[in-house]
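Undergrad: What follows is the residue order along each chain.
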Amino acid sequence: MAYPFRHEKETRILSEYFGDPEARTLDGWKKRGGYQALRKAIEMGRDAVIEEVKASGLRGRGGAGFPTGVKWSFMPKEKTGPSYLLVNSDESEPGAFKDRELIRWTPHQLIEGALIGAYAIQADHVYIYVRGEFFEPAQVVARAIEEAYQNGLAGKNILGTGIDIDVTLHLGAGAYICGEETALMNSLEGRRGQPRVKPPFPAVSGAFGRPTTINNVETLCAVPHIINKGAAWYRGFGTEKSPGTKLFNVSGHVVRRGNYEFPLGFPMHELLYDVCGGIRDGRKLKAVIPGGSSVPILAAEECDINLDYESVIAAGSMLGTASVIVMDDRTCMVKQVRRMVEFYAHESCGQCTPCREGTAWVAKIMRRIEAGLGTEADLEKLVDLSTNMTGTTICVLSDSCAAPVMSSLKKFKDDYLGHIHHGACPVAAAAVA
Amino acid sequence: MAITGQGTSAGSDAAGAAAPPPQDLVNCTINGVAVSVPKGTRIIEAAEAAGIGIPYYCYHPGLSAPAMCRMCLVEIEGAPKLQPACVTVVGEGQSILTESAKARAAREGNLEFYLLNHPLDCPICDKAGECKLQDYTHAEGRKHGRVVEPKRVLNQDDFGGDVLYEGDRCIMCTRCVRFMREIAGNDALCVVQRGNRSVIDTFFDEGLDGDLWAGNIIDICPVGALLSKDFLHKARAWDLDRSPSICPNCSQGCNVYVDSRDNLIMRLRPRPNPEVNSYWMCEEGRLEYEWYNRANVPTGTIGMADTIGGGPNPTGRCERPMVRDAQGRLQAATWHDAVVALVQRLGGLRGENGVLAVASPAHANEDVALLHRLAQVLGGGDAVFRVRTAPSEVVCPGFPKLARRRELAANGRGLRAVGFRRVGDDAGAGGLDELTTAGKIILVLGDALADVPETFGADAALFVYLGSEPGPAVRNADFILPVTNFVEQEGTFTNFEGRVQRFWPALEPPPLARPAWQVLGVVLAGLDDGPAPADAASAFLRAAELYEAFGGLSYEVIGGRGALLNEPVQLGAGAAEGA
Ligand SMILES: Cc1cc2nc3c(=O)[nH]c(=O)nc-3n(C[C@H](O)[C@H](O)[C@H](O)COP(=O)(O)O)c2cc1C
Ligand code: SF4
Ligand code: SF4
Ligand code: SF4
Ligand code: FES
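Just so you know, the sequences run in chain order A and B. The working numbering puts the first residue of the first sequence at 1, with every later residue one more than the last. The working numbering puts the first residue of the second sequence at 434, with every later residue one more than the last.
Rather than coming from a laboratory, the hints here were simulated on the basis of the structure. The beta carbon of each residue, even a glycine, is placed where N, CA and C say it ideally should be. It is possible that part of the hints are untrue.
Here are a few chain A residues that face chain B, going by a calculated C-beta distance under 7 Å [said to hold, decoys possible]:
{"hint": "1", "residue": "S205"}
{"hint": "2", "residue": "G209"}
{"hint": "3", "residue": "C349"}
{"hint": "4", "residue": "Q351"}
{"hint": "5", "residue": "C352"}
{"hint": "6", "residue": "G358"}
{"hint": "7", "residue": "W361"}
{"hint": "8", "residue": "K364"}
{"hint": "9", "residue": "T390"}
Below, computed lysine-lysine pairings styled on BS3-like, alpha-carbon distance capped at 30 Å [what the hints assert, rightly or not]:
{"hint": "10", "chain 1": "B", "residue 1": "K535", "chain 2": "A", "residue 2": "K364"}
{"hint": "11", "chain 1": "A", "residue 1": "K413", "chain 2": "A", "residue 2": "K284"}
{"hint": "12", "chain 1": "B", "residue 1": "K535", "chain 2": "A", "residue 2": "K381"}
Simulated restraints on C-beta separations [what the hints assert, rightly or not]:
{"hint": "13", "chain 1": "A", "residue 1": "A371", "chain 2": "B", "residue 2": "L587", "range": "56 to 62 Å"}
{"hint": "14", "chain 1": "A", "residue 1": "I313", "chain 2": "B", "residue 2": "K662", "range": "42 to 48 Å"}
{"hint": "15", "chain 1": "B", "residue 1": "P833", "chain 2": "A", "residue 2": "G209", "range": "19 to 25 Å"}
{"hint": "16", "chain 1": "A", "residue 1": "A371", "chain 2": "B", "residue 2": "G578", "range": "17 to 23 Å"}
{"hint": "17", "chain 1": "A", "residue 1": "A64", "chain 2": "B", "residue 2": "L587", "range": "32 to 38 Å"}
{"hint": "18", "chain 1": "B", "residue 1": "S825", "chain 2": "A", "residue 2": "G45", "range": "48 to 54 Å"}
{"hint": "19", "chain 1": "B", "residue 1": "K662", "chain 2": "A", "residue 2": "T80", "range": "45 to 51 Å"}
{"hint": "20", "chain 1": "B", "residue 1": "A538", "chain 2": "A", "residue 2": "G277", "range": "54 to 60 Å"}
{"hint": "21", "chain 1": "B", "residue 1": "P583", "chain 2": "A", "residue 2": "G209", "range": "30 to 36 Å"}
{"hint": "22", "chain 1": "A", "residue 1": "E189", "chain 2": "B", "residue 2": "N588", "range": "28 to 34 Å"}
{"hint": "23", "chain 1": "A", "residue 1": "I313", "chain 2": "B", "residue 2": "A538", "range": "22 to 28 Å"}
{"hint": "24", "chain 1": "B", "residue 1": "P556", "chain 2": "A", "residue 2": "E301", "range": "38 to 44 Å"}
{"hint": "25", "chain 1": "B", "residue 1": "S825", "chain 2": "A", "residue 2": "T80", "range": "39 to 45 Å"}
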């Protein structure tokens, strides 16, 4: 089966076997070099594995870009009881669809990476937390776990080394907030899925009150390659501060939407106009959200940048999950932002007042403006509320809701003013004309 | 200024608590005021110790801290974000600002969010006047609201027990949920749904019915979202008089406030005492107050008839001293005449056939000590009490020091401490028929003797009744002396573990009722046994002189948290019975 998203410019390391059903099976995976990294890691020893991952400069792919090796080194060296590695496969952010592809095509890549991680941090148990709606991918993961157990790769005495690591699949129940690391822990424990206050940090007290590390699927999928080929090889891709390759999941108004793997630092222009075939219907680019719905929006003129962590920050946004949402000139930003804000209002766990009330209020105001019933005073109010929702809550969902509101007000104020002064969408009117 | 840990009360010092070990101190400034606190102290507590108030909703000193209401955000100089004072531990050398522009702006913004869906129906809300949303909004909220959107509307929900939920007013602080989980040990409440659709709910039909601790959530709800059915629309908070007292309904002796209006009890609330009840009390204590609340119809217009057979007694109280005359009729008398006559009679009978003293465990240490003394002065004899006893005690899971004890009265331990012994059954009846009364002096304090035969005391040499209820006890009494009940006087109770605790008057007594210690003190003085105490504090000192158990104690030593009796806690049968 040919994978629909392919481009000859890609550097396919994690995504090499997308579309290859045989790679899903243990035998197929082993034929493709699978599980050699696990054996090698155990031969290297825990500290060497952590040092290698540190040296590779791998940064977390769950959004924040925190250095993975450093995170692993926070785990206690002395083992006093159970500890855990959690795999974050809750991927629910609008625009993101990279982890889904990784787990449904290369489940053993993830399991191998997770086993290496668990070995390095001395975790006894890996929990793979999969978003509840990912039903088919979850079945693929479940089958792969079963195979791993049957072949001595998981459970007791893995690879005959005397090391025990259990692997368990856990399905979420449909909440974006359960992707936040501490909400995921609550959900896993059977509690209400809502973020916890930090400190304590997970490495001290995480799942079930024990030392815990949590990593994104894509982060762990990169680990076997780093172990196999070395940190220096990995650093051969990407930039100094953003080494390695990354899946760019592109959606919106381009000709060829899809998942593409490139070294970090790949130019956005090339991604949109070459790899993705440009803006569809010959339209003009209006805006790009470079890292999933929770990062600030970039206007077309800000998009001539390289896609690595530091360059996107310099441009005023964030790389996040590299979920690139492309919008053409027929896009009404009021409508787009209203839809995003409604998402956050729906997904707020409701603990923090600025988030619980703020997201819902902003959604109501956005709906009113979109319907042509807004005033200019509403715009000031939106700025104010967004400010009050930023930096005041337990997790950053609240900030994520405020970010597109603030950036769109700054960069696309005319869309708002059009709705306010003409009582209807100026973009839609222009498109008809 | 320097704050070095929690001040220990005189009471706990007297109880022999060892001085706390020296702790590591952390120094910081809060709004420029230098503060040193033990390592690990949270900013909110450090600020409180320094007299600086930080607004909060979700924090409660008796519960876990989820840091979710975001009211307590403070600026720590150098930190990029505001930090929640309720969970952030003070760091060495920190400069903490609660009134910086950033902190104030965050509070003002947050308060606006709080009012977004709040109905602002203060005029019909029982919490008005003691509501933290009102208080903070008045202090720091925006002058004008900016909400034009319609508010969320929910229905009222009956949570069971005494509790009603007004969802519209709920600010989602989850104090109630955490109380039920952490203190009541009954996960009966939860947050249902998420975002601004969140509501507090019970699980299907399983509500708070039958939970002995659930009523506390009404007190700790910072707004009027949880209401007491018993208190519903009974009084406005600002019309209430609040008096510190002790719950009389079991031997735990929970510290309470008696909130009254127009001389009637409107409700009881727990008064924090970490040694006894933390911040909590039980439903039986909270809701069963009518027995000491009744009979407070303003007097002067309706009085007790001059003779006992002379007509109905609408106030239900003993209101005037009554003395049986030579013709065998009870006649109203002045206190002066009644006491003179009583001293004369007692003087004549002193040392004759002995005494039977019956006291109620709802009377103060001061009262029962002087009653016991009087019995001894008159020649000694039986000193007994009866008390209702529950089949088992009910421990508060989250604060096991607190339990609804088996003995359903406040002062059984105080009675035992001065030499009374318990008789009768678990219903608080019986036990008196085995005791001879013939030719004796019977002294009854407070026990209405509801169960005794009509002939009780008819064969006694003298029968004196000090009480507030003109029940069957007065049938054959020679003297009826109206006394105050505990809620109308100052005094102390001794709880199950021997902790002596003070209470203060909450209600006006009927005009002619006097505290029993005062009446007994005057009678003792008339019998040349010491000077009559002028106030409750002196009556207590008298008891402390006379009874070793109270030795060394005084109102100053007892203080606000109580002090343990001067005797080891007995773990034998007697103590178990007392528990
Ligand atoms: C609201 C919210 C949702 C999140 N959702 C996800 C998610 O679906 N998947 C994910 O990997 N990380 C998610 N994160 C980030 C995680 O909290 C965490 O940083 C990440 O899993 C760490 O893995 P990494 O270090 O490998 O990136 C989310 C964070 C927030 C605040
Ligand atoms: S910011 Fe929003 S989603 Fe995050 S913990 Fe607070 S209420 Fe929940
Ligand atoms: S009912 Fe009261 S205590 Fe419970 S969450 Fe709402 S406001 Fe807080
Ligand atoms: S436990 Fe006892 S003292 Fe405390 S409130 Fe209940 S009845 Fe009153
Ligand atoms: S009191 Fe600190 S966040 Fe609620």
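Undergrad: Give a verdict on every hint.
TA: Quick rundown of the hints versus the structure:
The interface hint given for A:S205 is violated, since its Cβ lies 14 Å from the closest Cβ of chain B, which is over the 7 Å cut-off. Hint status for A:G209 relative to chain B: violated, with the closest Cβ pair at about 13 Å, above 7 Å. Of the supplied interface hints, the one on A:C349 holds, with its beta-carbon coming within about 5 Å of a beta-carbon of chain B, less than 7 Å. With a cut of 7 Å, the hint placing A:Q351 at the interface with chain B holds, because the nearest CB-to-CB distance is about 4 Å.
The beta carbon of A:C352 comes within 5 Å of a beta carbon in chain B, closer than 7 Å, and the hint placing it at the interface holds. Annotation: interface hint on A:G358 holds; nearest CB of chain B at approximately 6 Å, less than 7 Å. For the restraint placing A:W361 at the interface with chain B, the shortest Cβ-Cβ distance is roughly 6 Å, inside the 7 Å limit, so the hint holds. Hint status for A:K364 relative to chain B: holds, with the closest Cβ pair at about 4 Å, below 7 Å.
Given hint, A:T390 at the interface with chain B, is violated; its Cβ is 9 Å from that chain's nearest Cβ, farther than 7 Å. The hinted pair formed by B:K535 and A:K364 meets the criterion: a straight-line CA distance of about 27 Å does not exceed 30 Å. Between the alpha carbons of A:K413 and A:K284 the distance comes to roughly 18 Å, so the proposed pair stays at or under 30 Å and holds. A threshold of 30 Å between alpha carbons decides the hint, and for B:K535 with A:K381 the separation of about 18 Å falls inside it, so the pair holds.
Between A:A371 and B:L587 the Cβ separation comes to about 26 Å, which falls outside the hinted range of 56 to 62 Å. Roughly 57 Å separates the CB atoms of A:I313 and B:K662, a value that falls outside the hinted 42 to 48 Å. One distance hint, 19 to 25 Å for the beta-carbon pair B:P833 and A:G209, holds here, with the actual separation near 22 Å. Between A:A371 and B:G578 the Cβ separation comes to about 22 Å, which falls inside the hinted range of 17 to 23 Å.
At about 37 Å, the beta-carbon gap between A:A64 and B:L587 stays in the expected band of 32 to 38 Å. With their beta carbons about 60 Å apart, B:S825 and A:G45 fall outside the hinted range of 48 to 54 Å. For the hinted restraint 45 to 51 Å between B:K662 and A:T80, the CB-CB distance of approximately 50 Å keeps it satisfied. The hinted range of 54 to 60 Å is not satisfied by B:A538 and A:G277, whose Cβ atoms lie roughly 47 Å apart.
Separated by about 43 Å at the C-beta atoms, B:P583 and A:G209 break the suggested range of 30 to 36 Å. Look at A:E189 against B:N588: about 32 Å separates their beta carbons, and that is inside 28 to 34 Å. Under the hint 22 to 28 Å, the C-beta atoms of A:I313 and B:A538, about 26 Å apart, fit the expected range. Against the hinted window of 38 to 44 Å, the Cβ-Cβ separation of B:P556 and A:E301 comes to about 56 Å, which falls outside the hint.
At about 40 Å, the beta-carbon gap between B:S825 and A:T80 stays in the expected band of 39 to 45 Å.
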